[in-house]
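Chains as they are written, first to last, in the numbering used here: chain A, 1 to 268; chain B, 269 to 558; chain C, 559 to 894.
These are calculated hints, taken from the structure and not from any lab test. The structure presented is a predicted model; accordingly, all values stated were derived computationally and were not measured. Some clues are possibly wrong.
Said to hold, decoys possible - Partial list, derived from the structure: chain B residues whose beta carbon lies under 7 Å from chain C: (1) R292; (2) V294; (3) D298; (4) K299; (5) P334; (6) S338; (7) L339; (8) G343; (9) N349; (10) L356; (11) K357; (12) V371.
Glycine included, C-beta positions come from ideal geometry on N, C-alpha and C.
Letter by letter, the chains look like this.
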Amino acid sequence: MAIHVKNLNYYYGDFPALKNITFSVATGNFFIIIGPNGSGKTTLLKVVAGILKSQTDQLEILNRPVDHYSRKALARAIAFVPQMIPVDFPFSVTEIVLMGRSPYLGMLGLEQEKDLEIAKQALIFTGVDHLAHRKLDQLSGGEQQRVFVAKAICQEPEIILLDEPTASLDLAHQVRLMDLMEKLKNERGITVVMVSHDVNLAAMYGDRLLLLNKGEIVRLGDPKEVLTFQTLEQVYGCTLLVDESPLGKTPRVTPVPRKYMNIDRQEE
Amino acid sequence: MTAFLFIVIGAPSDARIVTDQLGRQVTVSDKPRRVVSLAPNITEIIYALGQENLLKGVTLYSDFPPAAVSLPKVGSYVQLNLEKIVALKPDLCIAIKDGNPRVVARRLESLNIPVYAVDPKNLETVMQTVLEIGNLLNANQRADFLVQRMRSRVLKVKSLVAKAAYRPRVFFQIGICPIVSVGTDTFIHELIELAGGKNLAQGPLAYPRFSREQVLVLSPEILIITSMARAAVFEKVKAEWSRWPNMPAIRDRRIFLEDSNFFDRPTPRLVDGLELLVKLIHPELFDETQ
Amino acid sequence: MKPKTPLLLKRLSVISLSLLLVLLIAMFLGISMGSTTSGIKVVFQSLFKAKESDPMLDTIIWQIRFPRVLLATLVGAALSLGGLVFQALLRNPLAEPYILGISGGSAIGAIIGILIGFSKFPGVSLTAFAGSIAILLLILVMSSGQTILKKDALLLSGVMVNAFCAAVIMFLVSMTQDSRLHNIIFWLMGDLSMVDIGHVGILAAILCPCFILIFWFSNSMNLLLMGKEMAQTMGVNIKTVTVILLVATSFMVSATVSYCGLVGFVGLVVPHLLRLVFGPDHRVLVPACVLGGGAYLVFCDILARVLPEQGEMPAGVITAMIGAPLFIFLLKKTRR
Numbered sequence: 001m002a003i004h005v006k007n008l009n010y011y012y013g014d015f016p017a018l019k020n021i022t023f024s025v026a027t028g029n030f031f032i033i034i035g036p037n038g039s040g041k042t043t044l045l046k047v048v049a050g051i052l053k054s055q056t057d058q059l060e061i062l063n064r065p066v067d068h069y070s071r072k073a074l075a076r077a078i079a080f081v082p083q084m085i086p087v088d089f090p091f092s093v094t095e096i097v098l099m100g101r102s103p104y105l106g107m108l109g110l111e112q113e114k115d116l117e118i119a120k121q122a123l124i125f126t127g128v129d130h131l132a133h134r135k136l137d138q139l140s141g142g143e144q145q146r147v148f149v150a151k152a153i154c155q156e157p158e159i160i161l162l163d164e165p166t167a168s169l170d171l172a173h174q175v176r177l178m179d180l181m182e183k184l185k186n187e188r189g190i191t192v193v194m195v196s197h198d199v200n201l202a203a204m205y206g207d208r209l210l211l212l213n214k215g216e217i218v219r220l221g222d223p224k225e226v227l228t229f230q231t232l233e234q235v236y237g238c239t240l241l242v243d244e245s246p247l248g249k250t251p252r253v254t255p256v257p258r259k260y261m262n263i264d265r266q267e268e
Numbered sequence: 269m270t271a272f273l274f275i276v277i278g279a280p281s282d283a284r285i286v287t288d289q290l291g292r293q294v295t296v297s298d299k300p301r302r303v304v305s306l307a308p309n310i311t312e313i314i315y316a317l318g319q320e321n322l323l324k325g326v327t328l329y330s331d332f333p334p335a336a337v338s339l340p341k342v343g344s345y346v347q348l349n350l351e352k353i354v355a356l357k358p359d360l361c362i363a364i365k366d367g368n369p370r371v372v373a374r375r376l377e378s379l380n381i382p383v384y385a386v387d388p389k390n391l392e393t394v395m396q397t398v399l400e401i402g403n404l405l406n407a408n409q410r411a412d413f414l415v416q417r418m419r420s421r422v423l424k425v426k427s428l429v430a431k432a433a434y435r436p437r438v439f440f441q442i443g444i445c446p447i448v449s450v451g452t453d454t455f456i457h458e459l460i461e462l463a464g465g466k467n468l469a470q471g472p473l474a475y476p477r478f479s480r481e482q483v484l485v486l487s488p489e490i491l492i493i494t495s496m497a498r499a500a501v502f503e504k505v506k507a508e509w510s511r512w513p514n515m516p517a518i519r520d521r522r523i524f525l526e527d528s529n530f531f532d533r534p535t536p537r538l539v540d541g542l543e544l545l546v547k548l549i550h551p552e553l554f555d556e557t558q
Numbered sequence: 559m560k561p562k563t564p565l566l567l568k569r570l571s572v573i574s575l576s577l578l579l580v581l582l583i584a585m586f587l588g589i590s591m592g593s594t595t596s597g598i599k600v601v602f603q604s605l606f607k608a609k610e611s612d613p614m615l616d617t618i619i620w621q622i623r624f625p626r627v628l629l630a631t632l633v634g635a636a637l638s639l640g641g642l643v644f645q646a647l648l649r650n651p652l653a654e655p656y657i658l659g660i661s662g663g664s665a666i667g668a669i670i671g672i673l674i675g676f677s678k679f680p681g682v683s684l685t686a687f688a689g690s691i692a693i694l695l696l697i698l699v700m701s702s703g704q705t706i707l708k709k710d711a712l713l714l715s716g717v718m719v720n721a722f723c724a725a726v727i728m729f730l731v732s733m734t735q736d737s738r739l740h741n742i743i744f745w746l747m748g749d750l751s752m753v754d755i756g757h758v759g760i761l762a763a764i765l766c767p768c769f770i771l772i773f774w775f776s777n778s779m780n781l782l783l784m785g786k787e788m789a790q791t792m793g794v795n796i797k798t799v800t801v802i803l804l805v806a807t808s809f810m811v812s813a814t815v816s817y818c819g820l821v822g823f824v825g826l827v828v829p830h831l832l833r834l835v836f837g838p839d840h841r842v843l844v845p846a847c848v849l850g851g852g853a854y855l856v857f858c859d860i861l862a863r864v865l866p867e868q869g870e871m872p873a874g875v876i877t878a879m880i881g882a883p884l885f886i887f888l889l890k891k892t893r894r
């Protein structure tokens, strides 16, 4: 098991953001957490990443309780790709990607030949090596995202966590990023855990989906099991059409505009 | 280091140990040749003693006598320039307690430049200071003479004032904005009292502040204003006070502007200031005599 | 085992050596110039103990100017480094070393010391130091309960406390009589004069360990710029690093300010200048601030001593008058 969570609770003050969450993520899985706004998806991801500390644990990373990891050791096991790129981050692409090596280096982070090589490979893998000497703020949103993925790859993690990575990307870059994650999973055996608001992308790529609502698990399973129109309509509170994508055997979810409401919802 | 000492002070056998006004033991040469004065009043005293040829450096605002202005400057008496002092190669510095930073005196002494400190607080100690500086600079005769003259003039004023029937209320304004006067622990207070007046601002605070109201309540009969300001400013100040014609000093037109240097510099000119004050405070005593 | 990559170390060595050279030139100029004319030849003569050297000039150069130049180096280094660290910790380019109430607290402490009648060292320095630490603790307590605006809570508390202290200072100053007022004003403007070589030694002994400690955390500062959460995922122990840096830097700045008053602007402008020239990597910027900041203040102090006809300007005036246009010029140049 890459990640094992049992009876996890998290409170913001008095507010229960996560209630009794239990699930596991198998090694090498592409695991996607979906749910409406405020369902606790990002909170859950941050708890797994070690950014937030839950009040009741049983969180195991790579079959060890998370408490047994030092910060640096955890950084070597898990890499986190944020949704928002930090503001006013003046470093160049190479410098940022090299920062991914710091869990393996001493206090001063003095890089060696090997680290430079790993960074170079990560840049090639994510397709941003031609931008190596540019500053971050000179890049497009998609390119910036990939730089941070490259940095995460440099951490040589077993698990990569991504927080709504496609939220601000255009169509081309959305697919590109998801393909990249799949490539990481297939070529390097990295477990990918992602929070996504895009149900269809989740359906097309996810091995297993976790549907959250109001801090609780609604469904956990493969896309076909989770993405049924009864479940989704209940969770999202709107009219949906669920059919099969023409690209493969994955579900396709379409929200229904008002003007189409009188047509039958489910076509066989 | 010893070589340096030799060059600066001269042959050690020509030195003597004196005690300055702060009780410090200071080793000075018998014949100081290069003296730096660290305050304007000390400059004045040295000139009064006729020893200005020994004077190699003075502070800013050493403006009396006018000849002093052309001497090299070593900064102001509150912000002395150590480098400039040392560059003049003095064998004696004369300092004043009230104002000169102690740390400068210490640095000078660590560089083997003797520093003699004075602390003139009233007429008596000013005269004492004149005598001591005279002693330092081998001008004892002249010093005695000066001090005798000062004493006799003071006595004359005292005897004159003894005849006065009444002590007018005097408000001595040294600060324009805010209004500042002088307390008991100042030269001016001593001079006012000697001159037969009553210092309205007397009290423990040396430079108390007053609001205009407070001054009006005190109802001064004589208002003396000194500052480094020019006459134009005085006219403005006078006009300000004139808005209260009920104040005796305004009603009787007894508001005067005087040069502050006669009153706040601890030099022999304080006696000049005293004589000035008597004329202002008791003009009636001068109608009869000369 | 392959030798360590030249990438960072090479840059670091090149930059450090060039700045060290600049610093040495500055120090040399600093001891050859002053309110009395000396000239470079004289300094050489004095350095090599030539027979023609004048003992009076020797005194001026080594007993008066040299301690002052050393002090300017230390103060410039400490304040620049302080500005750099606070800019990283608070993620705010307007941060400067006095921002966490250090200026207000130390000024109040110093004024109290001066009013009591202490001499500059150790009396006033100790009261100033005590004041700054007290205010710092106050700010830490005030901002510890904040969860909203976590990043800016510390900053805001600092700004408010400084403003309050400024009012208290003005009140205390308005109540003072003449000669003591002078001392207070000099202190508030930053006073590098009247330096004792022994004191400089003490200050160096206090500051150098701080420099080294901060350098040790320079990579952490790089990571901190990503934001607290991200830095955590990179293996940085946020709490520990923040506390250590905060304490070490505040201590360093407080010690500096306690001795020589509030020299202004250095801590704000030097980190930005160096960042424009050398880039944002703190592993390079930390030594650069120490050497470059020191050189900068030595240069400014030379001008402060030499330019005015009488007396001297506070060094803080020069640092602003030179620093601001220099920064704008560099900013325009690199905007391409």
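Hint-by-hint comparison with the structure:
| no. | hint | in the structure |
| --- | --- | --- |
| 1 | R292 | 15 Å, violated |
| 2 | V294 | 19 Å, violated |
| 3 | D298 | 22 Å, violated |
| 4 | K299 | 20 Å, violated |
| 5 | P334 | 18 Å, violated |
| 6 | S338 | 15 Å, violated |
| 7 | L339 | 13 Å, violated |
| 8 | G343 | 6 Å, holds |
| 9 | N349 | 6 Å, holds |
| 10 | L356 | 9 Å, violated |
| 11 | K357 | 5 Å, holds |
| 12 | V371 | 5 Å, holds |
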